[in-house]
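There are 2 protein chains.
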Amino acid sequence: MKDFSLEDIKTPADIREMDVEQLTRLAAMMRSSLLKKLSAHGGHIGPNLGMVEAVIALHYVFNTPTDKIVFDVSHQTYPHKMLTGRMDAFTDPAHYDDVTGYTNPAESDYDLYSLGHTSSAVALAAGLAMARDLKGDKENVVAVIGDGSLSGGVAFEGLDTGATLGSNFIVVVNDNQMSIAENHGGIYSNLELLRSTNGQGEPNLFRSFGYDYHYVRYGNDLHSLIEAFRAVKDSTRPVVVHINTMKGMGLPAAEANKEEFHYSGPFDLKTGAPLHEELPQTAPKTYDDLFADTMLRQMKANPGVVAITAGTPGVLGFTPARRKEAGRQFVDVGIAEQAAVDLASGLAKGGMRPVAGFVSSFLQRAYDQFSQDIALNRQPATFVVFYGSMFGMNDETHLGFFDIALLANIPDLLVLAPTCREEFESMLDWAIGQKELPVVIRTPGAVAVSNPQIEPATDYSRPAYQIVRQGSEVALIGAGLMFGIMAQAADLLEKQGVKATLINPRELSALDTATLDSLKGYKAVITAEDGIIDGGFGQKVASYLGQAPAKVVNLGLPKEFLNRYDYSELQTRCGLTPQQIADRAISELK
Amino acid sequence: MKDFSLEDIKTPADIREMDVEQLTRLAAMMRSSLLKKLSAHGGHIGPNLGMVEAVIALHYVFNTPTDKIVFDVSHQTYPHKMLTGRMDAFTDPAHYDDVTGYTNPAESDYDLYSLGHTSSAVALAAGLAMARDLKGDKENVVAVIGDGSLSGGVAFEGLDTGATLGSNFIVVVNDNQMSIAENHGGIYSNLELLRSTNGQGEPNLFRSFGYDYHYVRYGNDLHSLIEAFRAVKDSTRPVVVHINTMKGMGLPAAEANKEEFHYSGPFDLKTGAPLHEELPQTAPKTYDDLFADTMLRQMKANPGVVAITAGTPGVLGFTPARRKEAGRQFVDVGIAEQAAVDLASGLAKGGMRPVAGFVSSFLQRAYDQFSQDIALNRQPATFVVFYGSMFGMNDETHLGFFDIALLANIPDLLVLAPTCREEFESMLDWAIGQKELPVVIRTPGAVAVSNPQIEPATDYSRPAYQIVRQGSEVALIGAGLMFGIMAQAADLLEKQGVKATLINPRELSALDTATLDSLKGYKAVITAEDGIIDGGFGQKVASYLGQAPAKVVNLGLPKEFLNRYDYSELQTRCGLTPQQIADRAISELK
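Taken in order, these protein sequences are the chains called C and G.
Each step along the first sequence adds one to the number in our numbering, with nothing skipped, and position 567 is 555.
Each step along the second sequence adds one to the number in our numbering, with nothing skipped, and position 62 is 50.
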């Protein structure tokens, strides 16, 4: 097709007859369409703009879906979706929400995995390649990794394993010189050396793992990319193709402000200015802001206070300006959650007061370090969890409600759930001030409300529930964000003449047995938590009260990988609205 | 001291005045003492014999404990313990059990961490070095890693992070050309290149991470080691010292059979022959043997069946002879649990029937992969857990009872607990035969008994409890190994005229609600599991029955990092003897 429109592209076969001039035109059309959608819709902007040409070249050279491509993190796969039967989700506003932001086998046979956590693509692809070899098949297997995710431990494990395959195994390293924020780690000096020597310098990280190596200086040039991919197609050895791309290419604001445009909401296409309204100065703060402000205050008072992130400084409220203000007391290890936790352990051992912040969904990558290097070794480091909530991210790959079951069952690890901003600040200050215990403070991805009913404690080292309202017969125990909902339920009950005991448990990892003992003769004890019921806080209460007359009801979320769920539908499904909780209490009282 | 005995060495200061001739004598005396203890006592033999000289040289050159040494895995620290105030634990049989097999801060200020999982030392040391820099101190910080543990993801993350310190940071890589078994992974070709070029070859893995690099060809020669460590002492840059050591040095049998002597029980010092009696051929099999036999049978029937280990083939029963028999259908990725799980995911996606086996304590290193790359993506891979039990390993670093809370709370991951050998075989055959679900089969570190009462199911995809004995009023639900103990308790109850309902739940990750509904009117339901109560199977039952009249009692283990506990004391403490369970049932019936 000499003349074509984007709508003509139904499968990659439709581009394989094109010449490079046509492909270049295709890239321009795709980028233009992406810009239009992203400016109106938001999404992972920089990663996708930078990969338009590489994705076209991959589908042009390789015989997908017979040849297999695993995209790491897969937040850079909008161009891939455009070429594989989902163009209208990028050209027609009515269909913008038809696709997820990640590869998803439910959408297309060209999508091998549902991936949103980083660094796993190489190891997954090694498995696909090994399966191919055992079957005696011959297709190409390609892993696409980069954009900061090369520093995750499993990426190195995958490189190490893939190198031993002795057969076709192609790793495309998308080097856009960035992670979400700037890159950190020794390997990035090596990538810089390789870029500055047009791939000729030594040492060479990839060769040291056992790979053949190709460098593509112009990673947004279709000629160069096609030539490089053709050179490695049907290779019978593990090989790395290192492509030098520009994150955010085609949107000047994104090229200039790569961190801000890694992921963004709607923006003005001309200026790049965000379209959402700025919150007024008087608005309640979010937990990331509260965290950063508290940390900067702590840092100034104590040079031993250090904040740590694994590649997501913005999630912790540490904007570039705040990072500058923190100086050496803010550390970004890059996407390397395990190292972040161990660094905190070493800093604590060395007498510092480290505080590491993680997105709920990502901290699970460091479970072994939380268990062995923090809890078992009782290192007094503090960890703050962000987006630990049903009201946080709702992609199946980024769910924030498995962390209670994960962390609160580790011995000697204190897990706290603040119910409001004052309590959060109190917990964080206390955690930094003490030197006995490792502490986790779990915050939801929500505005941090003030709550004058809540009395921050002076010591959180032992479980001590706050009885916010004393009632009888029925107790409502609401952990973290759920406290506010339980308080509303208590209000509703009061209107019906039922005075419930309302409890803020503060801690999720151990029980205040004295307070629970006082509830044994109640008719019902209802717990609610912003996490899965299985393995959670409420089940500890149910177990403890198992032989007591009181009935126990555990409310929380189902043990399911929900995807792009509607928040209020889920809340209702789980019986977690104030009215539902009040009704449940009434029915258990009968 | 010109003449000295081992007993004269109280601290490293006592060796710092020695000359190399004396140190060499010291090494010989230490090795001889180690051999005497290990032949009588067992332990990590090869790793320690290979590191005698390096540990002496480290304490000789560095000013410990001001200079800090973090030993990875720390199973090679017997020589370190000998030099740091604990000599009698290696020279006096009466004190052999005074020390643990790993570094432990409770024992000595020279021990920085309690470590038994691999690969974390570099990242921990990076934290110590950063703390030092923030304080403006100047001591040396040294991480000692190797013996297979360099391939764990967090080791690479640690190298990547440590490279950016820009200050003193010394990583000693103990290259004994082995893991527990032979090494696997691309980096080992690089180490081989470096050895064969006396450290001069390119590419160089460590330089590519940003480290200066020194190679020590004779890593059991004190002259060479001292010279190398002196060269890097007080270095102001991150530096790797790559030492080429011989695992098992000084015990010919261990030098020849490195895998067998990585860890071993007592042996004949002259021949190396094990001193424990061979089990008679008619003895019940252990789960590792059962696993390997079942897998070899499956492999022969189906070329798509692949067994995977992360560096512990022996734990899976795959002796060198069985590995040879399995050929390409047995894969060892080295110590890289994350890659092992992802490799299984890729193999399953590619149509193979992968089965990966892990030590309970180590599988937690791959939680994110279990969650995201297996369960979320519903890849029908099978995982067999070994030593998942209070009756498994009892070092605080190697506990096998946290895995139920960890895995059984992941959505869409089926966790099964066989009660006997026939059920295990049935579950493994079923898991391999089906292509819908990811399955975990959890086995204890115990002899696999036969139990004619147990009816293996034909399908384990849905929770379906087996009611082994129908009673009334009280139900005993015993998971996995605990089933046998519950059966004994039921016998005791029967003698007292109480007919208990005895249940084998088979599955730990979901409830058979129909069966539980039938128990709601009971007086008591008692659960027992071979794992911590918190987050476990029993708490799911307690939660489900929270509004039912039946009292629920959850038996299991405490959420604690127990260390070298006595098995029967723990069982009694937890109320898990048959008599205690029977007594508890009687008391709940009153």
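None of these hints come from the bench; they were simulated from the model.
Among these hints, one or two may not hold up.
Copies of the same chain are indistinguishable here, so a pair counts whether it falls within one copy or spans any two.
With a straight-line Cα cutoff of 20 Å, these simulated PhoX-like cross-link-like pairs (lysine-lysine) come out [unchecked claim]:
| no. | residue 1 | residue 2 |
| --- | --- | --- |
| 1 | K578 | K(-10) |
| 2 | K511 | K539 |
| 3 | K123 | K423 |
| 4 | K539 | K508 |
| 5 | K123 | K288 |
| 6 | K221 | K126 |
| 7 | K483 | K(-10) |
| 8 | K508 | K578 |
| 9 | K312 | K539 |
Going through the hints against the structure:
In the homo-oligomer, the alpha carbons of K578 and K(-10) never lie at most 20 Å apart, since the shortest distance is 75 Å inside one protomer and 87 Å across protomers. Proximity of K511 to K539 under the C-alpha cut-off of 20 Å is found in both arrangements, the shortest distances being 6 Å within a copy and 14 Å between copies. For the homomeric pair K123 and K423, the shortest alpha-carbon distance between copies (17 Å) is at most 20 Å, but the shortest distance inside one copy (56 Å) is not. Both within a single protomer and between protomers do K539 and K508 lie at most 20 Å apart by alpha-carbon distance, with minima of 9 Å and 13 Å respectively.
In this homomeric assembly, K123 and K288 come within 20 Å of each other (Cα to Cα) only across copies, at 15 Å, whereas the closest approach inside a single copy is 61 Å. With identical chains, the CA atoms of K221 and K126 are at most 20 Å apart within one copy only, with a shortest distance of 11 Å there and 52 Å across copies. In this assembly of identical chains, K483 and K(-10) lie within 20 Å of each other by CA distance neither inside one copy nor across copies; the values are 73 Å within and 89 Å between. Taking the shortest Cα distances, K508 and K578 sit within 20 Å of each other both inside one copy (17 Å) and across copies (18 Å).
For the homomeric pair K312 and K539, neither the shortest alpha-carbon distance inside one copy (54 Å) nor that between copies (58 Å) is at most 20 Å.
Violated hints for the displayed structure, listed by number in ascending order: 1, 7, 9.
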